[in-house]
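Enquirer: Here are the chains, one letter per residue:
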Amino acid sequence: MDSIAEIKNLRKTFKNPAITAIKDLTLSLPKGKVIGLVGPDGAGKTTLIRLLLGLLTPDTGSISVLGITPVTQTNLLHQKIGYMPQKFGLYEDLSIMENMNLYADLRELTEEQKKEQFEWLLKFTDLKPFTSRLAGNLSGGMKQKLGLGCTLLGKPQFLLLDEPGVGVDPISRRELMKMVYSLRNQGITVLWSTSYLDEAEKFDSVLLLNNGELIFNGLPHELTQRVAKRVFQTKQPHNNPRAYLRKIMKKQNKLVDAVISGQYVRIVSKDTELVPELAADFVPVSPRFEDAVIDILGGASMQVSPIAEKINIKNVPDTVIKAENLTKVYGTFTAAKDISFNIKRGEIFGLLGPNGAGKSTTFKMLCGLAKPTLGNGYILNTDMIKNPAAARSHLGYMAQKFSLFATLSVMQNLNFFSGIYGLHGDKKEKRIKQMVEIFELQPYLKQAAGNLPLGFKQRLALACAIMHNPPILFLDEPTSGVDPLTRREFWNHINSMVEKGVTVMVTTHFMDEAEYCDRIALIYQGQAIKIGTPDELKKTGETMEDAFIRLIEEYNKGGL
Amino acid sequence: MMKNFVSVCYAVWALIVKEFQIIWSDPKNRAMILCPPVLMLAIFAFAATFEVNNISMLIYDKDDSQISRALIDKLANTPYVKHIDMVDNPEELTQKIDNENAFVALTIPQDFAKKIYLNESPVVQLILDGRKSNTAQVVSAYISYILASFQHEIDGQSFPEISVKLINRNWFNPELNYQWYIVTSFMGVLVTVMMLAITALSVAQEKELGTFDQVLISPLKPFQILIGKTIPAITVAYIDLTLMIIAGHFIFHIPAARGYPMIYACIFVFLLSIAGIGLFISTICQTQQQAIFGVFSFLAPTFLLSGFITPIENMPIFLQKFSYINPLTYFFRLVRGLFLKDIDNITIWANVWPLLIISICTLSFASWFFNKKVN
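If you're matching them up, the sequences are chains P and S in order.
Taken in order, the first sequence gives residues 1 to 560; the numbers are from our numbering.
Taken in order, the second sequence gives residues 1 to 375; the numbers are from our numbering.
If you are wondering where the hints come from, they were derived from the structure by calculation, not from laboratory data.
Only a predicted model underlies this, so the values are computations on that prediction, with no experimental measurement involved.
By construction, the Cβ of each residue, glycine as well, lies at the ideal position given by its N, Cα and C atoms.
Any given hint could turn out to be false.
[To be verified] Between beta-carbon pairs, the in silico distance windows are: (1) His253/S x Glu440/P: 58 to 64 Å; (2) Glu119/P x Leu39/S: 53 to 59 Å; (3) Gln205/S x Asp2/P: 45 to 51 Å.
Could you put together the complete structure from these sequences and hints?
Expert: Here you go:
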């Protein structure tokens with residue numbers, strides 16, 4: 001088989017912090033395929049891409065891309081490949097056309113080439129009707145399409161995509177995937193790095209990196225085979241799947257993974273035979289790629305989060321969050337229209353929806369970052385408009401990218417976040433001590449938050465959000481771009497808090513996370529088009545992603 | 001209620017502590033605070049020795065006495081004067097200054113020696129080319145110094161002070177003075193830049209990081225968040241100011257005519273007004289880049305219309321009006337007056353009340369706008 005890139009005995013280390021990002025990697029990338037690059041955070045995915053591009057110099061070993069040595073013949077290489085970094089450098093204040101012109105000029109295309117390629121790209125990306133729109137006003141999905149389009153200028157033979165799906169909704173991700181496959185059919189090779197493992201399942205071939213080492217290289221379903229007959233799901237729906245999950249996690253040491261899926265619990269066992277007490281409750285189901293990845297990485301932690309013992313939620317009414325006809329109008333644009341729902345005590349409530357559909361606006365109105373044009377929100381019966389400060393004092397908030405002070409130490413961050421909620425003296429000391437214990441932050445206290453490993457960053461962010469013991473947690477894409485093991489750990493903490501009566505409102509683009517929610521509001525075109533449990537949203541046999549796309553398509557048809 | 005108040009105080013205190021920790025945790029930030037005063041001194045120390053070298057001087061000696069010739073000798077023997085041209089009529093003097101043949105002209109009056117013998121203050125006239133205003137200030141300071149030291153040298157006796165009269169021509173810089181002028185003005189420039197950097201840029205940086213949302217979601221009220229940004233900025237401005245005052249005192253020997261408590265108190269009002277502007281810029285900017293543009297588009301006209309570069313009286317009338325709402329106008333007047341002139345309370349108040357009004361306006365506008373943005 002022809003290869004597009006050859007890597008031999010590649011090694012790359014970094015100083016400060018001293019890490020070996022790639023350890024003795026030998027690899028051949030096949031031509032004309034869509035190759036997935038997966039692995040936990042810090043596995044070396046971005047480093048590998050940057051090495052292939054000639055943006056980093058290897059310590060030892062050799063790389064050849066399209067027969068070119070990246071570091072010495074960088075310019076020649078860059079004419080033949082396309083690269084789309086995590087955040088593609090679109091100029092937000094320029095229109096689609098201006099952005100494309102700019103990138104065409106950077107690629108030194110002639111006017112004729114431009115004309116021909118623009119025509120094709122605009123058709124390919126479906127962006128033709130919007131050429132004069134500013135890139136800053138595009139939705140997340142359209143931005144990624146435009147980014148991909150700009151990457152394709154100059155007709156590269158090899159495309160490198162670094163997590164193009166982060167923060168992008170399933171519909172846009174599916175479209176992006178479709179575009180990439182049509183490119184492959186035209187003979188372009190694609191290397192696609194991702195943390196969405198359902199995405200990786202569809203690739204022609206997958207590379208799995210862990211700690212700088214290649215631990216799997218082959219067809220996705222070959223990897224999935226390793227957990228064949230070891231994946232099970234409960235026969236019956238449970239009223240409280242979280243309690244059940246907790247129960248089996250405590251008792252069983254033969255589990256690799258256990259997650260909630262709607263009202264069911266899904267497990268990956270170490271053996272094909274389940275222990276008798278579980279065997280009665282569970283039936284085998286078909287394995288997923290993600291199950292296999294978790295398995296090959298050594299399994300998720302089955303430790304029950306110690307957080308629950310430290311939480312004490314008192315005097316909370318049954319209805320914790322109330323959204324009443326929330327409407328937000330920006331100029332002539334209605335971002336949210338008449339959105340109403342109640343969230344009960346101890347519920348995980350998910351806001352799902354495509355980018356730009358009004359999910360963030362709804363979220364912001366309920367946590368006081370945006371004032372509704374009409375309607376109102378209530379947090380523990382406190383009026384969000386009349387008394388925003390009091391309403392906000394009941395909330396813990398954790399945002400995308402964790403929003404910590406990167407240059408401050410872990411301790412300084414803890415001090416700050418406890419401080420702004422008015423904690424002081426012994427109470428503060430005690431609470432910080434608790435957080436340090438629960439999240440095992442002791443060894444990192446003096447380290448700058450920005451230098452923490454991803455998992456610890458996430459722990460710290462969660463610790464900061466729950467410092468003041470809030471009965472309500474608002475999580476805004478809390479796991480965006482985070483690998484599955486770190487996400488499991490995060491949800492383990494969340495689940496155990498919810499069991500103690502904490503109420504959670506969450507937005508996410510991970511459809512498996514949507515399954516952890518008790519109820520979901522699907523927001524589209526500024527409206528809550530469907531509210532219900534995950535099982536109510538799904539039709540039999542459907543995945544959450546299928547349901548998501550179907551519901552939106554149904555709405556579109558009904559709307560026409 | 002009391003308990004609530006204590007909590008709020010702790011929360012604001014946490015904001016303030018965080019701000020200092022952030023400034024201190026980043027070596028770049030530390031450098032940003034400590035370098036400008038040091039740099040300023042380096043630049044001005046350099047300017048003082050460099051710019052005054054090689055000047056050509058005109059002397060119109062109407063007296064032509066032993067003492068006046070001794071004075072000319074002394075001037076000729078200083079390393080800063082390249083050569084001295086003697087002229088014998090005022091027309092030639094004017095012409096040579098106009099044509100830039102000479103940079104400075106000294107006219108010694110006919111009664112120069114006589115007055116010294118009678119123990120009266122003789123008045124000499126110094127004409128400087130005000131087009132190069134910085135050099136003119138340094139040269140005038142330097143010649144004043146030579147004249148002052150001259151009086152002690154003749155016969156070892158104490159002589160009356162020679163006073164310098166500065167001729168004011170329309171293209172001449174009307175501001176009498178020294179390096180002191182620049183150093184005191186620079187205090188204003190530096191604290192303004194510092195205040196804006198900390199208020200406007202730090203908010204924009206937090207917006208980029210997403211931490212600003214975290215703060216907004218806390219139970220703190222908008223004005224409390226503003227206090228949390230204002231106090232660290234003012235503190236840093238005071239630290240810089242103190243560094244400069246120390247340097248000004250020991251290196252440039254700037255007097256503090258009105259005493260430091262009054263200086264610090266008056267500067268506080270000025271800092272408040274700038275904090276309001278910085279916070280306002282920060283509320284309308286989403287990124288640090290925008291904030292930098294915001295700060296500069298405020299700074300450029302503000303400096304130009306403050307009387308720092310061009311005297312306000314020389315501006316077109318419609319531009320002069322802007323200087324009345326410019327906090328720097330009052331600040332420059334105050335600082336020069338407080339440091340150099342021992343101005344009276346009435347004059348201080350005349351410049352403090354406009355600052356107070358500007359502060360109230362900018363701060364309440366910033367907090368109103370901030371409130372509006374948050375909601």
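Enquirer: For each hint, tell me whether it holds in the structure or not.
Expert: Against the structure, the hints:
Checked against the given bound of 58 to 64 Å, the beta carbons of histidine 253/S and glutamate 440/P, roughly 59 Å apart, stay inside it. For the pair glutamate 119/P and leucine 39/S, the supplied restraint of 53 to 59 Å holds, since their beta-carbon distance comes to about 55 Å. Between glutamine 205/S and aspartate 2/P, the C-beta spacing of about 49 Å keeps the proposed range 45 to 51 Å intact.
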